[in-house]
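Start from the sequences, fold in the hints, and give me the full structure.
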Amino acid sequence: MIGRFLGSRGWRRFRRGRLAMASLAVIGVYFVAAVAVTLGAVSREDTKMRVGPNRLPGFLERINAEKRYDFNKWYVGELSGVFGRAQRAGDEAAAREMLGAFALAERRMSGAAPSELFPVYETMEKAWGELDDALAMREDLADERFVLRAEAAEQRASGADASATEARLREVEERLSEIRPRVEELYREVERAIEVLLPMPEGLRGLVYRLRIGLGTDSKGASISSQAVYSVKIAFQVGFVTALLAVLIGTILGASAAFFGGWVDHVVLWVVSTLSSIPYLVLMAVFVYVFQAPSLAKWFDNPDRPGLGLVPLYAAFGLTFWIGTCRVIRGEVMKIKELEYVQAATALGFGRFSILLRHIIPNTAHIMFINFSLLFIGAIKSEVILTFLGLGVKGQPSWGIMISHGADGVTNFFFWEVGAATVFMFVLVLAFNIVSDALQDAFDPKHV
Amino acid sequence: MALLEVRNLVKHFPVRGGLLNRVQGSVHAVNGVSFDIKRGETLGVVGESGCGKSTLGKTVIRLHEPTSGSIRLEGQDITSLGPREMMPFRRKMQIIFQDPYSSLNPRLTINGHIREAVRFHGVADAGSIDDCVDDILLKVGLRPEAKHKYPHEFSGGQRQRIGIARALSVRPELVVADEPVSALDVSIQAQVLNLLTDLKQEFGLTMMFISHDLKVIEHFCDRILVMYLGYVVEELHAEDLDEQARHPYTRALLGANPVDDPDERRPLTVLQGDVPSPYEPPSGCPFVTRCPLAMVRCRQEMPPLEPKEPDGHPAACWAVEPKSAPAD
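First to last, the protein sequences are chains H and S.
With the numbering used here applied, the first sequence corresponds to residues 590 to 1037, in that order.
With the numbering used here applied, the second sequence corresponds to residues 20 to 347, in that order.
None of these hints come from the bench; they were simulated from the model.
C-beta atoms are modelled at their ideal positions from N, C-alpha and C, and glycine is treated no differently.
One should not assume that every hint holds.
[What the hints assert, rightly or not] Beta-carbon label-pair distances, calculated as ranges: (1) 87/S x 866/H: 50 to 56 angstroms; (2) 605/H x 217/S: 40 to 46 angstroms; (3) 833/H x 298/S: 44 to 50 angstroms; (4) 210/S x 621/H: 54 to 60 angstroms; (5) 298/S x 871/H: 42 to 48 angstroms; (6) 865/H x 217/S: 55 to 61 angstroms.
Structure representation (structure tokens):
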């Protein structure tokens, strides 16, 4: 089957398109990621675990003075919490255990003895206190300079003697220029201490940690990259199951409607026209709502059964998306069933079902194939939309959840969460669009 | 006893429409056709496009359900047998189609096509199916190695040979050949016709050969039915075609045939107008709208298919003298 497919003309034609092959490779990468996530490369815990301060920006973005203060403050706060508890624990072993338990994913507390760590911690605390003072003083001086400048300018304008004010201004500026390197020095001291207490991991663990914080962290300090990668699995799950379900339902109903005609055709057409007169997002939302009924929610909206959490989505999408496939397959089967090879099979005495299965359905395979790839991205996009509206995926990361959580960050110029989700989805959807376009061109029987 | 006896066969296709999808009328594709085919004989059916000759062929082998009339194969009435009772007769009646492109399933190999037929009807036992397939392919002039290929890898003529092989693989008694050469190049037509002639001999086939080409029919068939708008208008022996044809429609068809002598000049009888719609056939004789001999009577009464002068073959025309009862 696969060998035959790879030798077919359509596939040869498809392979000639470079863009399509590149897109196929991209989808392959996503697929590998989805499989890896399923095998446990990124667990659900990984996506919730704290890996650093809140809203840490990802690669490329330089940390400005304000964020530098916030992030260092967060580290100092965390560390003083754990060291405070360790101090209260009293004996050395308990303190060591308490300190060793502290970790940000791969970034663990230094393994040195507590007796070595406590002095470092104290230096850090002291430097931080001084830094706070210095910063407060710098702020005061800056304010004063502003006032003095205005005063001096006013005095000069009115012709009064400004020398006293100017002398004071010079003094303030001198002190300010002294404070600036002092602040930098204190920052360095604090950062050095943090680095000693919480050393950046080396080697493979270091790489993993860097990947975790590579796209920054969300508003709870959890890794954005882990969430984005985990969402690939969710997207593939939803896309694959839904597209399969929809193509299956659509093919069975469409083929039987066209082949058997009569009341079967009437019923199927009635259902198709009725459902397609309702906007599909509304329809999906209704189906998802149905699963929120208390009797169903205890199965599908239950943290104890995370495996069933996506079933409402599968059902809603599967029951909505088959309509298009059904219509196309019905048209194609109506065409095929009048072809002479079907008549030849009838003349040979084959039953209707065996003709349907052997001569008609296989000849709609290209339509099933193209519809599958179109529905796959349709399902992913709809999943993100519904999840963004709070109706879709729950309890696990998804691009939709990332976008809705990250939305308020955007107003604070924190684009990493929304950006990561959008880029991940965009690349996948684009690649799929290109591939299904190329598939359509390559397998359209009009060209064969 | 004739192999196939068809009596008053009628096939109407209902036309639906309107708000409630009611039957609004029907297309009269075949109107009361009767004929016999003797074992080993080849019956030609000729007529222009839309005259119902293909529908007749497909109704005879029950690809279409007849509206009325009867079909008897080897003396047994098969007109209204259900699918299960039809099974033994399905093997005995096969069809060769016109279009070699749509008559083969693009997703099945040649082996798949012929094998399923052979196995389904138990023509050969399980061990010898492969030999049987190879054998029939050789007989239609294809190499047995080609059987693993798909239809698109063959030319039109080769595909038609495959269609013939599929039909003959179940050893039928009667083969309906529905314009089997019309879609082929002239050079290939000759090859396929010769092949059919050979196979007819070899398998002792009885054939119903449908074509719009009088030359092919005359060359290939023993007896000829001329059809017009679902009616048989004349029935005659192939060798009598040129000399004895009496019906004005048959004469017009003969007149439209090109001759192979460029110097020969003959009066052309070109028919005016189009074939009337089988949805609303004219009253009286179906040919009345285009007939050069049309009389008042033709518009009122349908002429019966009855023996005509001089040799007594049947034709349906008021303008042609009936054969007088033999004087004793």
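Taking the hints in turn, this is what the structure says about them:
no.	hint	in the structure
1	87/S x 866/H: 50 to 56 angstroms	violated, 43 angstroms
2	605/H x 217/S: 40 to 46 angstroms	holds, 44 angstroms
3	833/H x 298/S: 44 to 50 angstroms	holds, 46 angstroms
4	210/S x 621/H: 54 to 60 angstroms	holds, 55 angstroms
5	298/S x 871/H: 42 to 48 angstroms	holds, 45 angstroms
6	865/H x 217/S: 55 to 61 angstroms	holds, 56 angstroms
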